[in-house]
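Assembly of the complex is requested from the two constituent chains, each provided in isolation within its own frame, with the hints serving as guidance.
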Amino acid sequence: MIGRLRAAARKAAGAGLAAIAVGVGAGAAIADTPIDPDTERASIVRRFQQRFPGRPLDDYVLGAFMLNPAGRAHYDDIMAFAPFLPDIERGRVLWETPLKDGRTYADCLPDGGRNLAGRLPRYDEAEARVVTFEMLLNRCRREAGEAEYRHDDRATMGLLTAWARTLSDGMRMDVRVDTPGARAKWDAGRALFHRRIGQMNFACVQCHVDNAGRTMRMEIISPVVGQATHFPLWRSGETLYTPHMRFTRCMEQVRAQPFPAGSEAFNNLEYYHATLSNGLPLQANVYRR
Amino acid sequence: MVLRSIGGVTGLAAVALLAGFAARGAGAAADTTLPGRAIAHAQERGNCLACHRMPADPGAVTEADLGPVLADLKSRYPDRAALRAQVWDARRANPDTLMPPYGAHAILTDAEIDAIVDYLLTL
Numbered sequence: 001m002i003g004r005l006r007a008a009a010r011k012a013a014g015a016g017l018a019a020i021a022v023g024v025g026a027g028a029a030i031a032d033t034p035i036d037p038d039t040e041r042a043s044i045v046r047r048f049q050q051r052f053p054g055r056p057l058d059d060y061v062l063g064a065f066m067l068n069p070a071g072r073a074h075y076d077d078i079m080a081f082a083p084f085l086p087d088i089e090r091g092r093v094l095w096e097t098p099l100k101d102g103r104t105y106a107d108c109l110p111d112g113g114r115n116l117a118g119r120l121p122r123y124d125e126a127e128a129r130v131v132t133f134e135m136l137l138n139r140c141r142r143e144a145g146e147a148e149y150r151h152d153d154r155a156t157m158g159l160l161t162a163w164a165r166t167l168s169d170g171m172r173m174d175v176r177v178d179t180p181g182a183r184a185k186w187d188a189g190r191a192l193f194h195r196r197i198g199q200m201n202f203a204c205v206q207c208h209v210d211n212a213g214r215t216m217r218m219e220i221i222s223p224v225v226g227q228a229t230h231f232p233l234w235r236s237g238e239t240l241y242t243p244h245m246r247f248t249r250c251m252e253q254v255r256a257q258p259f260p261a262g263s264e265a266f267n268n269l270e271y272y273h274a275t276l277s278n279g280l281p282l283q284a285n286v287y288r289r
Numbered sequence: 001m002v003l004r005s006i007g008g009v010t011g012l013a014a015v016a017l018l019a020g021f022a023a024r025g026a027g028a029a030a031d032t033t034l035p036g037r038a039i040a041h042a043q044e045r046g047n048c049l050a051c052h053r054m055p056a057d058p059g060a061v062t063e064a065d066l067g068p069v070l071a072d073l074k075s076r077y078p079d080r081a082a083l084r085a086q087v088w089d090a091r092r093a094n095p096d097t098l099m100p101p102y103g104a105h106a107i108l109t110d111a112e113i114d115a116i117v118d119y120l121l122t123l
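Heads up: the protein sequence lines correspond to chains A and B, in order. When we follow this note's numbering, the leftmost residue of the first sequence carries the number 1, and every step to the right adds one. When we follow this note's numbering, the leftmost residue of the second sequence carries the number 1, and every step to the right adds one.
Quick caveat, the hints were computed from the structure, so don't treat them as lab data. Model, not experiment: these values are computed from the prediction. From the three backbone atoms N, C-alpha and C, an ideal C-beta is built for every residue, glycine too. Wrong hints could be hidden among the right ones.
So these bits of chain B aren't anywhere near chain A, every CB distance computed over 10 Å [said to hold, decoys possible]:
1) THR32
2) ASP79
3) ASP110
Chain A stretches covered by chain B per the calculated footprint, using a threshold of three residues with CB under 8 Å from any CB of chain B [to be verified]:
4) 193 to 201
5) 207 to 215
The shape of chain B in the complex, shown without the other chains (with noise of 0.2 Å):
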């Protein structure tokens, strides 16, 4: 929340802002070689980037507002487990929320959102 206002002010300083934060968070910029990115970027799989932004890949090109930025996911989740049950079924931490029950609903499989989570870790 705080982080999203300050992405009101303007965007470019946010990103670089968060990218300062992953730098001391995660201690490199996200893993770009994990094979969840392509499944969380790609439309027709996660489309995570049609409500998040992933500040810390410039290669997640999107202006979405819908959802939180993602970032410095790996001190927000210490426990991995909370962050794979959030993907699994946001339902379940928020029942109004508008993230997809991509575990629950069968959007991806296991093995899918545990790829994702291990790229989240990085962001």
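Bound-form chain A, shown alone (with noise of 0.2 Å):
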């Protein structure tokens, strides 16, 4: 299984570099993927429990903290008090004002908006693509008459969402692949996740499966399976990141020319990384580093 994930890797690195030149999306060439979201899932949790015995799959929503108790430790003290309340705060006024058809988020979403975050992003067969968390926000403002809020914000669409992901606190992450348009977006993220890119020829997965648990100069890497339970997360306890502002910070990191916040390549990118978070539950807002 791991001879073949690496196969495939190797695969999709030829075509890579080019492919990321031309800022075109996730190559959709690999749509015969042979690996099934699940089945992808269970290996790499498999992998994680070899490297970390013993560790419930719960823990690993605390990302790079789970392998560091003095981290751990600083992480609790610091959510105990968490410098960014009064910024969720902001959030949910945003979250209650009406738009300007007098409707409120929580009456154009599917029960209030609770426990909706954990089922996204999904795949909608009539648009014929991925839809994440902040595109239905945006959609909802679109049919009141507001503007759309841009995807890299903070000030607005950020604060929107961290308070917006605490009515699914709790709930366990279930995105569903299950038609072949869907599977064909997975496998365009899954690409894009294995692909190596930037000047630093790295790929997500070197990193965030091979190699996570390792440190890399001070700091942990996180494995993947769980990442995506935590949005926003607040690096420093200060600066709110959404899933796209994260991978943003990764692809410059290998300094590669990020993809923009709320586009098709890293819709899909989210599609398939939160597949990987599947059954662990929910928080929204966390401390990181």
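Set out below in structure tokens:
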């Protein structure tokens, strides 16, 4: 299995740099990925369970702190009096303020937006594309006659998700890939996760699967399993990161040209990435280094 | 690899031991006056410390364990060109390597790589 993953990674790497250079979305040509989502998740989880024996899967939501007792203590201290709590309150105000047509986001979303984030991203058959939480919020805005928020705007979209995702705290991730259309987008996200990119020639999988638990300079690298559960995260307890902002940060680190927040390439990547955290409990707004 | 498992026992002991190796191998601690040192250490240039420890250089502050400990390279690489080739494009020795292809991807210039190799030979 690992050999097969490696081979696929190598295959993706060949086409990778050229595709990135012209800014094409994650290769639609790789729709024949021989690995289905359940097998993929199970095989990655198995590798981690061998590497970190005896760790309950729920611990993985802690990311790198799972592997660092001192860091974990620091995390618990900060979370007890999180410096970003006032920001989440500002997000609540954005959430509760009626839109132009008098309706609120809670009116616009199923079940008032509760227990929704853990089922996203999802594949929309009618639109034939992956839909993220941010896109659903913008759809509410559009339908109410409001301008959409930019996906990379921390003060609007960022804070809105900081509150809105708390409505799904505790729910277990359940991101489905049920149809051929959905599978093609998942495959595209998987291909990007495995593709070597940037001047440094790294793929996400090399750091967050192959080398998870190892230390890069002073920083333990977190396992990909669990990563999708805790957005937005707050680096240094101060700076909000949505999933796409965090992907951007990693791409910058490997000196690749990041895809724009909200782009189709990142939506597909987020879709694949989220399925690897299926079964784990959500918690919005966590401290990270 | 042997060195790495020693590092697992206790970091400090390993550092002392490796410093000992270096002292026997190169005859002294790392030459910290060489220009390649700054290039190797700086995050926005070589960034070697992201992955490698350099126990012979007390100023090389890192806890990295993504790549092997860099120590005693002078005796391990009697052929300077082989060491240079490793830095220029690590994929030649290992196509699946994590190490960035510093020369092949123009991350560093030839002159910078030569300077780094001079420094590596004192580790």
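Structure-based check of all given hints:
1. With a cut of 10 Å on Cβ distances, THR32(B) stays outside the contact zone with chain A, its closest approach being about 19 Å.
2. Here ASP79(B) stays apart from chain A, with its beta-carbon at least about 25 Å from theirs, past the 10 Å limit.
3. A cut-off of 10 Å between C-beta atoms confirms that ASP110(B) is not in contact with chain A; the least separation is 16 Å.
4. Only residues whose beta carbon comes within less than 8 Å of a beta carbon in chain B count, and the region 193 to 201 of chain A has 3; three or more means the coverage holds.
5. With 4 residues having a Cβ less than 8 Å from any Cβ of chain B, the region 207 to 215 of chain A passes the three-residue criterion, so the hint holds.
Checked against the numbered hints given earlier, this structure breaks none of them.
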